Amino acid sequence: GAVVSQHPSRVICKSGTSVKIECRSLDFQATTMFWYRQFPKQSLMLMATSNEGSKATYEQGVEKDKFLINHASLTLSTLTVTSAHPEDSSFYICSVVAGADTQYFGPGTRLTVL
Amino acid sequence: GQQLNQSPQSMFIQEGEDVSMNCTSSSIFNTWLWYKQEPGEGPVLLIALYKAGELTSNGRLTAQFGITRKDSFLNISASIPSDVGIYFCAGDTSSGSARQLTFGSGTQLTVLP
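Chains as they are written, first to last, in the working numbering: chain A, 1 to 114; chain B, 1001 to 1113.
Hints are computed from structural coordinates only; laboratory data are not their basis.
The structure presented is a predicted model; accordingly, all values stated were derived computationally and were not measured.
Heads up, the beta-carbon is just placed ideally off N, CA and C, and yes, glycines get one too.
Hints may contain errors.
[Stated by the list, open to error] With the Cβ distance kept under 8 Å, some of the chain B side facing chain A (calculated, not the full set):
1) Pro1081
2) Phe1103
3) Gly1106
With the hints as extra help, turn the sequences into a complete structure.
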């Protein structure tokens, strides 16, 4: 069965609005979750590491004020894309580390900004 | 940062044929993971490798962690139409945590009936 869920699976929004994406760890308590972005026909790029109870760690070039991450519990991390623009349109995927040091990915969220 | 060179970029094969793809790097990795991604979905873990030289199978899939720790390959035997998708390798340089994954560019596999 699924280890990680994401909601919503697809979202379309107008430019300038904010969008929240949820990532839930179903089978494990996850002190750490990861957020990736994937553009069409490209590989996954790590955006940030979400840490339960503390601030997220962002990769170089990722704006922390634009991509707000909240990891309020051991099973839920949220990514909020603030003031979204068309160039933010992408496939956002979260993951958790579980079991024998392996990352399991969520099903992804397709964001389209008009 | 680390870079993974994955090849081939794409493959078109006949149903029943065997497939091989690989990833190489100039950096040493402590963990190699192979994922499959279908359109509109997140990557699904196929095989995880944790020791240099390790050879692991999962059904028709076999993967090996290179002795030098700088490469890994994935083989698919007797391909079937549902094998279609993008296959990614991912390497981790951290010690035993799979937390710092670097992804290859992916291999797009098409299986022709």
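Taking the hints in turn, this is what the structure says about them:
1. Pro1081: 21 Å, violated
2. Phe1103: Holds, about 5 Å.
3. Gly1106: Check passed: Cβ of Gly1106 (chain B) comes within 6 Å of chain A, closer than 8 Å.
Hint 1 from the earlier list is the only one contradicted by this structure; the remaining hints agree with it.
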